[in-house]
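As given, the protein sequences belong to chains A and B, one line each in that order. Counting in my numbering, the first sequence tops out at residue 308, every number present. Counting in my numbering, the second sequence tops out at residue 261, every number present.
These are computed hints drawn from the structure, not numbers from a lab. One or more hints might be untrue.
Result set (EDC-like, lysine to aspartate or glutamate): computed pairs, CA atoms no more than 16 Å apart in a straight line [what the hints assert, rightly or not]:
{"no.": "1", "chain 1": "B", "residue 1": "Lys22", "chain 2": "A", "residue 2": "Glu220"}
{"no.": "2", "chain 1": "B", "residue 1": "Lys91", "chain 2": "A", "residue 2": "Asp79"}
{"no.": "3", "chain 1": "A", "residue 1": "Lys67", "chain 2": "A", "residue 2": "Glu34"}
{"no.": "4", "chain 1": "A", "residue 1": "Lys225", "chain 2": "A", "residue 2": "Glu201"}
{"no.": "5", "chain 1": "A", "residue 1": "Lys208", "chain 2": "A", "residue 2": "Asp172"}
{"no.": "6", "chain 1": "A", "residue 1": "Lys65", "chain 2": "A", "residue 2": "Glu75"}
{"no.": "7", "chain 1": "A", "residue 1": "Lys133", "chain 2": "A", "residue 2": "Asp101"}
{"no.": "8", "chain 1": "A", "residue 1": "Lys26", "chain 2": "A", "residue 2": "Glu204"}
{"no.": "9", "chain 1": "A", "residue 1": "Lys146", "chain 2": "A", "residue 2": "Asp101"}
{"no.": "10", "chain 1": "A", "residue 1": "Lys160", "chain 2": "A", "residue 2": "Asp79"}
{"no.": "11", "chain 1": "A", "residue 1": "Lys65", "chain 2": "A", "residue 2": "Glu90"}
{"no.": "12", "chain 1": "B", "residue 1": "Lys5", "chain 2": "A", "residue 2": "Asp79"}
{"no.": "13", "chain 1": "B", "residue 1": "Lys22", "chain 2": "A", "residue 2": "Asp101"}
{"no.": "14", "chain 1": "A", "residue 1": "Lys115", "chain 2": "B", "residue 2": "Glu8"}
{"no.": "15", "chain 1": "A", "residue 1": "Lys146", "chain 2": "A", "residue 2": "Asp135"}
{"no.": "16", "chain 1": "A", "residue 1": "Lys120", "chain 2": "A", "residue 2": "Glu90"}
{"no.": "17", "chain 1": "B", "residue 1": "Lys94", "chain 2": "A", "residue 2": "Glu201"}
{"no.": "18", "chain 1": "A", "residue 1": "Lys208", "chain 2": "A", "residue 2": "Glu75"}
{"no.": "19", "chain 1": "A", "residue 1": "Lys225", "chain 2": "A", "residue 2": "Glu204"}
{"no.": "20", "chain 1": "A", "residue 1": "Lys115", "chain 2": "A", "residue 2": "Glu97"}
{"no.": "21", "chain 1": "B", "residue 1": "Lys94", "chain 2": "A", "residue 2": "Asp239"}
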Amino acid sequence: MNQFALEITDLKKTYDSGVVALKGINLTVKEGDFFALLGPNGAGKSSTIGIIASLVTKSSGKVKIYNIDTDENFPDAKRILGVVSQEINFNNFEKVIDIVTTQAGFYGIPLKEALYKTELILKRLGLWDKRDEQARTLSGGFKRRLMIAKALIHEPKLLILDEPTAGVDIELRREMWDFLKEINANGTTIILTTHYLEEAEQLCKNIAIIDHGELIENTTMKNLLSRLDVQGFLLDMDKSLESPPAIANFKIALEDPLTLNVEIKKDQSINQLFDQLTEQGIKVLSMRNKSNRLEEMFIEMVNKK
Amino acid sequence: MSKNNEIFVSLTTLIRKEIKRYLRIWVQTLVPPAVTMSLYFVIFGSLIGPRIGTMDGLDYIQFMIPGLIMMSVITNSYANVVSSFYSVKFQKSIEELLISPMPNWAILTGFVMGGVSRGILIGFIVFCVSLFFYPTFDIANPVLTILVLILTSILFSLMGFINAIFADSFDDISIIPTFVLTPLIYLGGVFYSINILPDIWRSISMANPMLYVVNTFREGMLGVSDVSIPFALSMIVLFIIILASACLFFLHRGTGTRQ
C-alpha cells in the first residue's frame, strides 16, 4: 500500500455567486486509510467532495483518484469511486431494490449480476426485508443505509461519505461504524466528513481540518490528540459533598453534590489524584470524559483561525 | 467487460428506468391523451365535422386525425422529458447519473429515448382511438409516417430536455408548453389547411415550425400536405442536430446540473 487513493493539488472553487469556497487545498489520502475531513458548516468540505465526485465544477487545481487525473479520464476515476452524499438523492417513489439495481446499471453492471450484488449488499445492510418497499416509507436510518448500499454496489476502491450518520440513532450509528470498519479492513479507502467528532476519533486514522476554504490541519489522529494539554473528567462519587476537596496541583470543582469536575494536565498522573481522594475518604464509583477531546481541540483550532 | 458494453448497459438501464417511470403512473401519462382525443373526435369529428364538409378533399375527421396524433406525440414527448429530467434535478437523483461513468451523450440519449417511446406509444393509442370514429383508414406512406413520428418525438424530447436544464421551479416546466407549444400546435394546421387562410395569414403560418411537422405527418398518413416534404424533413433533422449539440454542450458545462 504505497500509492495515494486521493491527491488534491491547489484546488480552488469560487461559485457564480462570488462565494470563495476553496482557496487552494492540498491534500493526500493514502490507499487503505480511514480519513476524516472535518470543518465547521460552510468550511468547504462538501465543495471538496462535490468536486471529487464531479457534482461541482472546480475553478482550478488537480484531483487524482488512484493516480487517475480526473481532467484526463474522469470515467475511469468514477469507476473506482463511491460517494454517499449528505442529502438523500434517490427517487423516493421507487422500490429499494430498483434504486440499487438501477445504480448498478449506471456503472455498466448487467441486470442479472446487479440483482445478485444488490441482494448481497441489501442483506449485509439489513435492508433485504424492505426491498419491495418504496424508499419514501423507510425511516431516516434506513434511508442512510440505502445511500451506502448504492455507493458500494460497484465495489469502489475509494468511498467518500459526507456526514453519513447525520440524524441516525446511536444504535444504528454504531452498526454503521462496524460496517465501515469492516469494509475498510477489507481494503476500501474511506474518507469521512462528520459533525460527530467522536465518530472521527473512533474510526479514523488520519485527519484534515478545513476552515474558510483552507486546510488548517492535516495529521494523524494520534498526533492531534496528543497535543491536548488538559483533559476534563467527571468523577461520580458514592456520597455527596458540600465543597470540592482541595488537592494540590489539581483543579477540582463540584459539578453537582455527587460529581467532581477535574482537569488533568498532560504531564500529570491520574494515580496521584486517586491517591489523594482515597486519603480524604472519597470513593469514586465511575469516571468519564467531560466532553469529547477532539471536539475541544476542534473548537479551539477553528476559533484561533 | 468492454467500455462499450458498459455504456450500452448503462444506457439501457436509463431507458428502462424512464419507461418504467411513465408506465408506473399510466393514469397520469397514458389515459389523459386517449380521453382528450376521444373528446376531440366526438366533438370536432362526429358532431361538427359533417357540417364542415371536406378539407383538402378529405372528410374533416380524416383530415384531423394525423394532426391530433401529432399534437399528442409532440406534447407527450416534450412533457415526458421535461418533467422527468427536472424531477431528477429537483430530487437530486441526478447525482446518481453524474457520479457514474456514463458519458453525457448516453444520459441525453436515455432521457430522449424515454420521451420518444412515450410519444410513439401515445401516437399509437390515439390512432387506435381514431379507428373507433373512422375505421376505414389507409396509411398512404407507412415509412414516411413512422419516420416523421420518430423524428418529431426526438425533436420535442430534446426541446423538453433543454427546458428542464434551465428550469428552476415547477412553474418553469409548464410555461413553454402552455404559452409556446400549445398555441403553435393549434395554429400549425392540426384543425385546418392553411389554404383556407387569407394570403397574409398563410404567409405568417409558414413561419410556424409545427406546420411542417403536422403536414409532413399528414402527407405520410393521407398523402396530402401544405408544405414541401423534403424541406420539412431537412428542417426537422437540422433542428435535431442543433438541439442535441446544445444539450451536450450544456451537460458538458454543467449548466443547471452541476454547481
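Evaluated hints:
1. The straight-line distance between the Cα atoms of lysine 22(B) and glutamate 220(A) is roughly 48 Å, outside the 16 Å bound, and the hint therefore fails.
2. In summary, the hint linking lysine 91(B) to aspartate 79(A) is not supported, as the alpha carbons are separated by about 24 Å, beyond the 16 Å threshold.
3. For the hint linking lysine 67(A) to glutamate 34(A), the alpha-carbon distance of about 12 Å falls within 16 Å, and the restraint holds.
4. With a C-alpha separation of about 14 Å, the suggested pairing of lysine 225(A) with glutamate 201(A) holds against the 16 Å cut-off.
5. At roughly 24 Å between alpha-carbon atoms, lysine 208(A) and aspartate 172(A) are farther apart than 16 Å, so this suggested pair is violated.
6. Of the pairs offered as hints, the one joining lysine 65(A) and glutamate 75(A) holds, with about 10 Å between alpha carbons and a cut-off of 16 Å not exceeded.
7. For the suggested pair lysine 133(A) and aspartate 101(A), the alpha carbons sit about 12 Å apart, so the restraint of at most 16 Å is met.
8. Taking the CA atoms of lysine 26(A) and glutamate 204(A), the gap is about 27 Å. The hint is violated against a cut of 16 Å.
9. For a cut-off of 16 Å, the pair hint linking lysine 146(A) to aspartate 101(A) stands: about 14 Å separates their Cα positions.
10. Between the alpha carbons of lysine 160(A) and aspartate 79(A) the distance comes to roughly 12 Å, so the proposed pair stays at or under 16 Å and holds.
11. Restraint check: the Cα-Cα separation between lysine 65(A) and glutamate 90(A) comes to about 26 Å, which exceeds 16 Å; the hinted pair is violated.
12. A distance of roughly 10 Å separates the Cα atoms of lysine 5(B) and aspartate 79(A); the hinted pair therefore holds under the 16 Å criterion.
13. Restraint check for lysine 22(B) and aspartate 101(A): satisfied, since their Cα atoms lie roughly 10 Å apart, inside the 16 Å limit.
14. Taken as a hint, the lysine 115(A) and glutamate 8(B) pair is honoured in the structure, with Cα atoms around 14 Å apart against an allowance of 16 Å.
15. The suggested pairing of lysine 146(A) with aspartate 135(A) holds, with an alpha-carbon distance near 14 Å, which does not exceed 16 Å.
16. In summary, the hint linking lysine 120(A) to glutamate 90(A) is not supported, as the alpha carbons are separated by about 24 Å, beyond the 16 Å threshold.
17. Of the supplied pair hints, the one linking lysine 94(B) and glutamate 201(A) is violated, its CA atoms being roughly 29 Å apart against a limit of 16 Å.
18. This hinted pair does not check out: lysine 208(A) and glutamate 75(A) have alpha carbons roughly 30 Å apart, beyond 16 Å.
19. Taking the CA atoms of lysine 225(A) and glutamate 204(A), the gap is about 9 Å. The hint holds against a cut of 16 Å.
20. A C-alpha spacing of about 19 Å is found between lysine 115(A) and glutamate 97(A), which places the hinted pair above 16 Å, so the restraint is violated.
21. For a cut-off of 16 Å, the pair hint linking lysine 94(B) to aspartate 239(A) is broken: about 49 Å separates their Cα positions.
Hints 1, 2, 5, 8, 11, 16, 17, 18, 20 and 21 from the list above are not met by this structure, while the remaining hints are.
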